[in-house]
Every structure is written in structure tokens, then in C-alpha cells.
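Asker: The hints should help you fit chains B, A and Z onto chain C, whose structure is shown.
The residues making up each chain are set out below.
4 protein chains.
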Amino acid sequence: MTTHNLTEEMQGEYHYTVGPYADPVLEIEPGDTVEVETHDAFEGAIETEDDLPSEVLGDYLNPQNGPIYVEGAEPGDAIAITIESIEPRGPQPRGTTCTVPYFGGLSATDRTAMLHDPLPEIVKKLEVTTDGTVWNDDITIPYEPFIGTISTSPEINSVDALTPFKHGGNMDLPDVCPGNTIYLPVEVEGGYVYLGDCHAAQGDGEVCVSAIETPTEITARLTVRPDLDVPAPQFETAGPFTPSGRDEPAYATTGVRDDLMDAASDAVSAMLDRLVARYDLSRPEAYVLCSVAADLKINEVVDAPNWVVSAYLADSLFPDE
Amino acid sequence: MTTHNLTEEMQGEYHYTVGPYADPVLEIEPGDTVEVETHDAFEGAIETEDDLPSEVLGDYLNPQNGPIYVEGAEPGDAIAITIESIEPRGPQPRGTTCTVPYFGGLSATDRTAMLHDPLPEIVKKLEVTTDGTVWNDDITIPYEPFIGTISTSPEINSVDALTPFKHGGNMDLPDVCPGNTIYLPVEVEGGYVYLGDCHAAQGDGEVCVSAIETPTEITARLTVRPDLDVPAPQFETAGPFTPSGRDEPAYATTGVRDDLMDAASDAVSAMLDRLVARYDLSRPEAYVLCSVAADLKINEVVDAPNWVVSAYLADSLFPDE
Amino acid sequence: MTTHNLTEEMQGEYHYTVGPYADPVLEIEPGDTVEVETHDAFEGAIETEDDLPSEVLGDYLNPQNGPIYVEGAEPGDAIAITIESIEPRGPQPRGTTCTVPYFGGLSATDRTAMLHDPLPEIVKKLEVTTDGTVWNDDITIPYEPFIGTISTSPEINSVDALTPFKHGGNMDLPDVCPGNTIYLPVEVEGGYVYLGDCHAAQGDGEVCVSAIETPTEITARLTVRPDLDVPAPQFETAGPFTPSGRDEPAYATTGVRDDLMDAASDAVSAMLDRLVARYDLSRPEAYVLCSVAADLKINEVVDAPNWVVSAYLADSLFPDE
Amino acid sequence: MTTHNLTEEMQGEYHYTVGPYADPVLEIEPGDTVEVETHDAFEGAIETEDDLPSEVLGDYLNPQNGPIYVEGAEPGDAIAITIESIEPRGPQPRGTTCTVPYFGGLSATDRTAMLHDPLPEIVKKLEVTTDGTVWNDDITIPYEPFIGTISTSPEINSVDALTPFKHGGNMDLPDVCPGNTIYLPVEVEGGYVYLGDCHAAQGDGEVCVSAIETPTEITARLTVRPDLDVPAPQFETAGPFTPSGRDEPAYATTGVRDDLMDAASDAVSAMLDRLVARYDLSRPEAYVLCSVAADLKINEVVDAPNWVVSAYLADSLFPDE
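Protein chains in written order, with the working numbering: chain C, 1 to 321; chain B, 1001 to 1321; chain A, 2001 to 2321; chain Z, 3001 to 3321.
Just so you know, the hints here were simulated from the structure itself, not pulled from any lab data.
Since the structure is predicted, the reported quantities are computational estimates derived from the model, not experimental observations.
There could be a bad hint or two in this list.
Just so you have them, the derived chain B footprint on chain A, three or more residues with Cβ under 8 Å [said to hold, decoys possible]:
hint, region
1, 2016-2022
2, 2111-2120
3, 2156-2162
4, 2217-2223
5, 2250-2261
Here are a few chain C residues that face chain A, going by a calculated C-beta distance under 10 Å [claimed, not checked]:
hint, residue
6, V25
7, L26
8, G104
9, A108
10, T112
11, A113
12, L115
13, H116
14, D117
15, P120
Covered stretches of chain C, going by a simulated chain Z footprint (3 or more residues, C-beta under 8 Å) [said to hold, decoys possible]:
hint, region
16, 82-90
17, 150-164
18, 197-210
19, 262-275
We put the beta carbon where it would ideally sit given N, CA and C, even for glycine.
The shape of chain C in the complex, shown without the other chains (with noise of 0.2 Å):
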């Protein structure tokens, strides 16, 4: 088992499309460890809250390290990634949360045209620490640090960074954090595994299209699963996570889609794949079951054209496992 090291002078050029077209950075063995220096979503173009994205942001957005190579990554594969700790990195103030014009969940977009004038921008710069976020007197945020973009390649297409799809990309997913593990599918021999835009912080939504966006230091362990066939990204997290308050593990998958319903439905239609292959359960029942025990959350919606809306179904229901 090796670690390697991926500096942002290792990376050199970041990519802003994820596709098989990229030179790989690294190969890797299954269950070596990388160490992974990212930017911010911004690159660190907003230095202060003078900077209004409007007038600092250049045409591409959200810089991805990678691809990594994974030797023994198939078609059909999944790669596992278990994330150990994320550093946050660069100088203070260098966490950055801000509105974009034209972009979030309460704003007319370029994919939603009206006739409205861009909202006012506003940016925050926040000293981001592992013991939180000082928002103002009053309020302090938890560091709960988490990986925003994280994917494999599709086999001939090439997608923008700033999109989620079914390989993972920009999922703003929360439970992307230490202590958890991301099953994203391979479509391309090695995976192509890329990775960038970490969260000091979010909620479940990333309602205005910016977390605390900082630039950090990634640890992170990344096995091959041949065993797992994975529509979609899913994970494994320590929770808690539930409304009812089972502060235990849980199993989930997601659904990535352009409309919440049709990624609700992908996501529960993969947990029904995995209740009917591991328990002894029709599927007829096993969406009975998902109806009265998984529960369903928005993980996303803001990063168009696809959101992100994951089920969660409680390990402790399965107490003999």
C-alpha cells in the first residue's frame, strides 16, 4: 500500500470537463492512498469580499484534479473511496461563500431565462479552521468538511466539472466526508478518477449554489469492487442522518437526474436492486419497505442541469447483519 502525493505542482493544469481525453496524473495501485492538494471552486479568484464574482470569475469554473488511473478498474467495476481526513489549506481567509449571478435556487439562471435583473451579489470571506467557521458573533458553523466533486469518466463523452452525473461529478453531497465511503461506477479502464471542490461546510440543498468553498488537503484510500455494479454513485455512512433519530450507520444511494422526482426515483429504485439482491425480499416488498423505512433527502439544487436527491435506509433495521 503507497501513498501518493498529487501537489497542485504535481497536477499542473486543472481540468474543468471530465472525460476520457485527459493524460492520467497518477496510477495507482487498488488500495493505495492519495494525498490530493485542491483549489477552491474559484480557483481563489475572490481574495476579498471586494471581489464580486461577476467581475473575478473567467469562463470555467470548479478545477478538478485527476484523473487518477486505478490499475484493474473495469467496466462493469466500482472504486471505492474511503475518505480519512480533509485539511483545509492556503491562507486566512480562505474560506469563501458567496451568490453567483444568475446561478442558485432563488434566482432566475441561464437555464431558466426570465426576464429579471441578477440578484445582488454578496461575499463572505471566513476564517475556516477544523474548529468551525465564525460567521458573525452569534453564529459559528461546524467544520464538517466534505468532498463536492468527485467522479469517474464516462467512455466517450466529456462532461463539464460543474455537473453532477451518474458517475458522481459536482454532487455537493455532504455525506462525502471523513469516516465515509463513495462507490462511483467505472465505464473506462483505470476509472479515471477526479476530484476537487471541498466544503468547509454545507446544508443538504447548497440552496444558493456556494458552500464554504476551500481549498484543502485530501486524504483518501481508493479500492476496486468488482463484486459492486453500481448504477450510481452510493455510500456508506457513519450517521447520523434520520429525522426519526437513529443516530447509526446507514446504506445509500443516490439519484442523479435534471428533475428531483426522476432522481428520487433512481435512488430508490437502486436501493430496491440492493434489498432484493442481499435480503430475502420480493421486490413488490422491498418498496413497501422503502416506503414505510428509507427516508429521502435533497442533497443538491443548484448544480444544473442535475440535482442530487439520496435514500437512506437505517443499518439497524437488518440487526442480524
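Answerer: Using the frame of chain C, we list chains B, A and Z on its own:
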């Protein structure tokens, strides 16, 4: 403070449409408590696992108790309903969960026309007690009861009891449970509260269209809040509720719309109104704060044409309050 | 065959909700003709170009004449309404077109919550005659009148007059014009026909939320069709209607749903039912035939929460009929 | 002005992804004409009515000719393509129309997960000539050919050939037919034009997912329009096109989005831009004018994840032009 009984007998005819055209069955003072005998959503028509929904269900579903007239409730007020207890009633097995042809999240429906045959029907009759519901030898579902349908009346329209809408209705929102308080907007004098359709357990989403449907006796206390103007239901929940593990009370706003994205927007928008009104935050700053700290859940995706999304914000975010 | 007048005076109170709870203003025999004096959708409140909608409009819009009770109409039948003429009435300028704050296709609305200020209001008052409407020195809009809102009543619910639904309502469908016949499903005895809201001209879509709104006198003949079971409005149009230039009569089915895709599916599905019932086609073949020969138009995208899509099939496709 | 042949042999490998990563097969001057031999969308794999799509189709569909490099085309320009003729080619029966499992408007799809079995497959092989296509003894479909898929290239992403997007692609837009001109936005030097997938006939909507798919030879002339900045495809059509019977030329704008409402908004928004730029109209007035005079059609609802809506405005509205 009086306690009013609303037995099956006193209710007489249950209602399948929610509007101002029915006569109140009860007139109460603010602060009074009601004890209400509810039917299950199928009005008891599914008695055994051989009773297929396609054969035994009538034209109308989801019978409602009420309307209850609350003295002093005026248009523009909110009615606050604190649920004290929900007890299962009736002979065992009193719990019913099933699929219904052309209903549910993974089925063609009468609102999403397709050429597929209906899915096979499955009915499970379950013994429901306050100790939980035994699903099979391996799985027991905890007893986590809530009121599935609860609303005030629109001003001049009358809405199907199967539909959630801005005054509440068939929200299938698991947080409407003992210990919590829900706030509903008032649009007619006296509010005209309708309620029914209790569930012994349900995941957020209710993905196949039924929960563990159970006849119950609800005990709840109703008050009038002239100071509170809510555009759609809001609630206080004792928690825990979030994926990030804050086992604490929270305040939540809902969006009830025919598109999950619009529902999410409504929920967030209502939360911004609350933050701006209560805390020293501008609207843009409240928007960004929700992006980093509020969580979106899908409470229900099967009660066409409207779905329910809630935005939750932990009380602990404001430690000085 | 009798002709019945329904003047403003005879109508008395106009209706803003469409349901079974109002008393009929007219009882007629099948085959009778009605002459109906309609208000414009703003009930005449916008008298000059200085009357801003935000200032002069009341709580309710879109006043309806009716309900008209048609003897012999039973649940399961259709009522056929053949429009004979639509004449503008009232003092000039009697045409009104305008934007309304938080309504319209390119605006945030009260159902798609955003943080934008409302769009600027614009009001145009126009002289409407049967020769057309002069927009400015360069542009004259032909007089192509139709009934914007027309419906039967739901069984127990009561629906806002601003909403199109399966019984018709505010469909803003330009094909409901002189010479054409529309079929509406009956759900209560007598059908309870409501109508109003005529337009001197409108594009399919009605994208800003208003057409050339005009008070009129409608002459229409109503018959009962016990042989026709329509799930939503259908109509015969004298044509022309298609992009491919067939200037001929056509039959059309509609879908009225809160999602344009579901509306399109409903329209196509109803067309399949018709093709299977009338011609020697299997359902899959009818489906494929619609794919190569039926045309979809969006008739209305602004009358939230429902939109109208129609599927048109030229009569000439079946030359032997 | 040169005419360039692009035969099957010269094309060699056809493309299933549209992007900047393939080498041009042809470099032409603006004003040149191309003659292109296209495959049908199934690349000829469906030869008889016994060839079920589920059995004979490969992993990739919709083979594209190109890319064609147009000298002088720069990002920000438009490329204008005037279709001169589309001739069917290949042995009879060369027309194919069919259903494909988990594709189509009235079917569960791989993007709208459901639990239904796939619909039964139906394949029709049809003799296609310029006289039309005989469907059965009663029905003949007129020959109204058009190019189903036509696009320029995105800058850094690469898009599946089955997907319509802002540069065109699989729009299945019947107006891309002989006599009409389509304008596509340029994002890379030379434009990189891809095209293929011709249809002998199709209704607007293409509701079952296939038209009369036919191999053809296209003759088209390409020019560069540095003066024209189009956000998505636009076109001039010789008409007729509207339900109101104006048998005249029209200009149309398109919206290509994953939601039909967003597509409609984009189409209207682009039309407003055009009206404001060319005529003496304010934006609000152009908006209202579109509401009373522009028509919305759904051109395609089956090429997931994006749909196409066009807004048409008759040239006759501006008689002085």
C-alpha cells in the same frame, strides 16, 4: 381549557374534500384539546391481505374528521396544533401497507400517462402496537406515529383530501408527530381544521404511496397565533433531524408544490423570511446562511399533484436565543 | 331548439371558483343555443393604460358566467359545445393586454419563489373590432377570437377559475373558436357549464399571461354526447393547424397537467385511445403512427399550476372516412 | 463555391459523441455546398420487422457524419445551413419506425426509473420514396424529410449524439427541411459541424422515439454569419406553420432544455432579443406582443435529457419589412 371528543359517531360523515362548504362538527376555544377518532386512509376497506386495493377501494379515499371551528381564528392568523399523543385503535391486524395500481413513485400513474400495465398489487396487514410493528422475523419497524393529513380550509375552493396544498392537507410529513407543533395558515373564519390519515411509521418520501396506515385516536391542542403569518405549513420539531448529527430541536418551513424544485424554493424562501424577521440578517446573507446550514428533505413524493419539501435549521445555530 | 340569453344582469354574481356548490343560472335542453355576455378576465378593472394591475385588481380574477345546467347530461357523458360566434362588446378601447406582477412565463411567480423584484408592469389598451386590433402603425393583429375559460364542474371539489383542469377551465386554447366544437367530460348531473374570459387574439402559449382580453357576447350551441367518454377536453378544428401545411380539418386531444411532459403524454394517450377505438390499429401501431404524424402544440404555459398541450391529427390521414 | 462530397467511404468512422476531440473529415469555405451520405439512426441494424431493437442494436446509436470545418467560423459567430434537398438512399424497404424498450414518451425510461416491464416492441419496415410512405391500404404518409441531428461542437465538453443541446444535436426538428435555413452557434474555430439521422416524416413531438428513419443524401449549403449571435438554434421557415392559418414564412427561435417549460422560456426569450434588436419595441412590449402573436410548438419530447420547443412569429406581422 376544555377537552372535546370527536368520536366516529359524532363525526358521522367523513369528508373527502377540504373546503368551506361543510358544516363544522365541533366549535372550540383556542387552547382547547381535541381527541379525535380517525379512520385509516382506506376507511378500513382492506381487512385481509387478500383484499386487493383495485377491488375493494371506493371512488374516494382518505376520509377526514372535521371541520373544527376555532373561535377567534381570522384570515391571516395561524392555527398552532401541538400533537400530544397518537394511539392506535381498532382490532388487530390494524396496520395496512400496500401498493395501489397506478399510484406511487415507481409506477405510471393517472397523471403520468404511460402504456404499461399496472404493477402487481401487494397488501400487508400488520399488528400495530406502541412497541412497533413486526414486519417479519428479521425486521421490526419502530412505532413513530404521525398525522398524515391535517389542514385548514381554503377560502372559496375545495380541495381533494388526497392532495397536500398550502393549507396542509395530505402532506404525509413525519414531523407532525407527538411532541411537535405545526402552524397552518388561516383563510376562513374559524380556520376549519380537517385531520385524519394517521401512520404508525413512514419514511420521508412515502415512496410506494402507503405508510403503515392505522386507525388512531389523536390528542392535540389547538391555539390561535394572530402574530404568525405563514405562507404554508411550518413546524417546530424536537429533533434529531439532520445528517450532520445535531440531535437538537429545529424549526422547519415547508413548500407544497407540484414540482419538487418549486417546493424546495418555497421552503427556503419562507425560511429566509423568518431569518430576516427574527435575526439581524439581510436577505442575501440569510440566503447564503441557509446554503451552508439548512437541510432539505423530501417528505412526500406520491400524493399527486403536490409534493412536500421541508427546510430545517437547527435551533443550536442561534445559541443565544 | 331554444335560444337562451344570459346577460350581465341575469348572471348577477359572476363566479371565481368552479364547482357544484353554486346554483345554476340557466337550465337548457340539449341542442339549445346560449348567448352569453362575458366580462374580460379583469372584470373591466383596467380602464386606461395608467391602471396598473398591481393597484386596480382585486383578490379574485377571471369571472365566470354560469353554471348552465344541461338537461340529461349524466356523469360519463360529454357535453359538446359548438361556438357559433364571438362578438366584442362594450365601449372602446375594450381590449386589454398587460403584464401582471409575479405572473407569466418569463417571471418569478408566487409558485416559483425567487428573490427578484417584480418585472415592470406594462398595460396596453387597444381598440378591438372584428377587423382586427391595431397594435401600432406597423402592426395589426387579426381578430381571431376564442373562449379562454370554459368547463364543466368537478364532482365534489371546487377549482379556482384561473386554473385549467381535466374538465376544461382556464385553458386559453385558441382552437375554442367560432366554427369549432369542444367536448368536455361530465361529472355531475347537468354538467354545470361555466364560461367566460374571451380573447380577441392570442398566440399559442400566451407567454406573458394575458391575451387581448375583451368583453364579448358568445353564441354557442350545447348538446349531450352519451356516446363519448373523454378523459379531458377534445376538439374538432376546421384547421389549418400544422407546420407541415395541411390546411384541413383535424381532431385534437388535450392534456392538462402541472408538467408539460405529463400534459403531452395525456394528449397522446387520449389520441391512442381514439385511434384504437375507431380504426383497425393495435395500440403499439397507433403509438408509432402518432410519432410520425401527430403534432404537439403548447396552448398555454401561464395559468398555474396547470398547462395545456394538444395533439393534432389531420383528418386527411384517413381519406376514406 | 465548391461542392464537397462526403460519402460513407470518405466518412469512414461515424461518431457517437459530438465534441472538439475528433479530426475534421472535411474543410470547406463559407458558401460551399456539401453532399452527405447519412446512415439511419440505427446504422442499418434493423433490416426486417423481425429485428427487435432489444436484440440487434449496439451500445451506441445515431451515427454522425463530420465534423466539417468551416473556414473563418469563429466563436461567437453563427453558421447558417440552408438545406437544398434530402434524398432517400439505399435498398428498400429503407424506412424504419419502431418502439425501443425503455425509450419514448409513454414508456418508463432509463431516466425515469419505474418497476414496469418494458413495453412490447414493434418494428415497421416501410418503402420510402419521394412520393410518400405507404403505411397500410388506408394511410399514406407524405414525404416531408428533414435532418434529425445537426450541430456544431461545444468548446471543451463532448455530448452524446442522442442528445439535443444548445448547439443543436438530436433536435428532431421537422423544420430543418429543404428550403429552410437553420442558424447554429459557433463555439470552436471552424464550428465543427456534425449531422445525420434523417427522417422521411415525423410529427412534432416524435412521441414514440422514432420517426420514419431513413438513410439519405443531404445537399446543404453552409455560410458563416459573424453578425448573428444565437444562444441556441434559430431558423427561417417557408411556412405554413400556425394553427391560425397564416400560410406564410416565419422566423423561429428554439429552446433546448431538460424541462419543457425552460425550453419554452428560452425560445421566447430569444425571440424577445430579436424583436428588441430589429424593431422599435421595448422589451416589455415585445413580451406582450409574443403573448398575443407567437406560437409555441413542441418539436421533440423523447431525446432525453433535453426537449425542444420552438416559438414562431409570422413574417406577415411586419408587413413593411
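Asker: Indicate, hint by hint, whether the structure satisfies it.
Answerer: Status of the hints after comparison with the structure:
Residues of the region 2016-2022 of chain A lying with their CB closer than 8 Å to a CB of chain B number 4, which satisfies the three-residue condition for coverage. Given as covered by chain B, the region 2111-2120 of chain A passes the check, having 5 residues with a CB less than 8 Å from a CB of that chain where 3 are the minimum. Taking a C-beta to C-beta cut-off of 8 Å, the region 2156-2162 of chain A contributes 5 residues in contact with chain B, enough for the three needed, and the coverage statement holds. With a threshold of 8 Å between beta carbons, the proposed coverage of the region 2217-2223 of chain A by chain B is violated, since 0 of its residues qualify and at least three are required.
Coverage of the region 2250-2261 of chain A by chain B holds. Counting CB-CB distances below 8 Å, 4 residues qualify, and the rule asks for three or more. Because the smallest distance between the Cβ of V25 (chain C) and any Cβ of chain A comes to about 41 Å, over 10 Å, the interface hint for this residue is violated. Look at L26 (chain C): its Cβ only gets to about 43 Å from chain A, farther than 10 Å, so that hint breaks. Interface hint status for G104 (chain C): upheld, as the beta-carbon distance to the closest one in chain A is roughly 9 Å, under 10 Å.
Hint status for A108 (chain C) relative to chain A: holds, with the closest Cβ pair at about 6 Å, below 10 Å. Restraint check, T112 (chain C) versus chain A: the minimum CB separation of about 8 Å is within 10 Å; hint holds. Proximity of A113 (chain C) to chain A holds as hinted, the smallest CB-CB distance being about 6 Å (cut-off 10 Å). Interface hint at L115 (chain C): satisfied, since its Cβ lies 5 Å from the closest Cβ of chain A, which is below the 10 Å cut-off.
The interface hint given for H116 (chain C) holds, since its Cβ lies 4 Å from the closest Cβ of chain A, which is under the 10 Å cut-off. With its C-beta approaching chain A no nearer than about 7 Å, D117 (chain C) sits inside the 10 Å limit, and its interface hint holds. Proximity of P120 (chain C) to chain A holds as hinted, the smallest CB-CB distance being about 9 Å (cut-off 10 Å). Judged by the Cβ-Cβ criterion of 8 Å, the region 82-90 of chain C is not covered by chain Z as claimed, because only 0 of its residues qualify and three are needed.
A stretch counts as covered by a chain when three or more of its residues have a beta carbon under 8 Å from one of that chain; for the region 150-164 of chain C and chain Z the count is 5, and the coverage holds. Residues of the region 197-210 of chain C with a Cβ under 8 Å from some Cβ of chain Z number 0, which does not satisfy the need for three, so the listed coverage is violated. Counting residues of the region 262-275 of chain C whose beta-carbon sits less than 8 Å from any beta-carbon of chain Z gives 6, enough to reach three: the coverage restraint holds.
In terms of the numbered hints stated before, the structure departs from hints 4, 6, 7, 16, 18, listed from lowest to highest.
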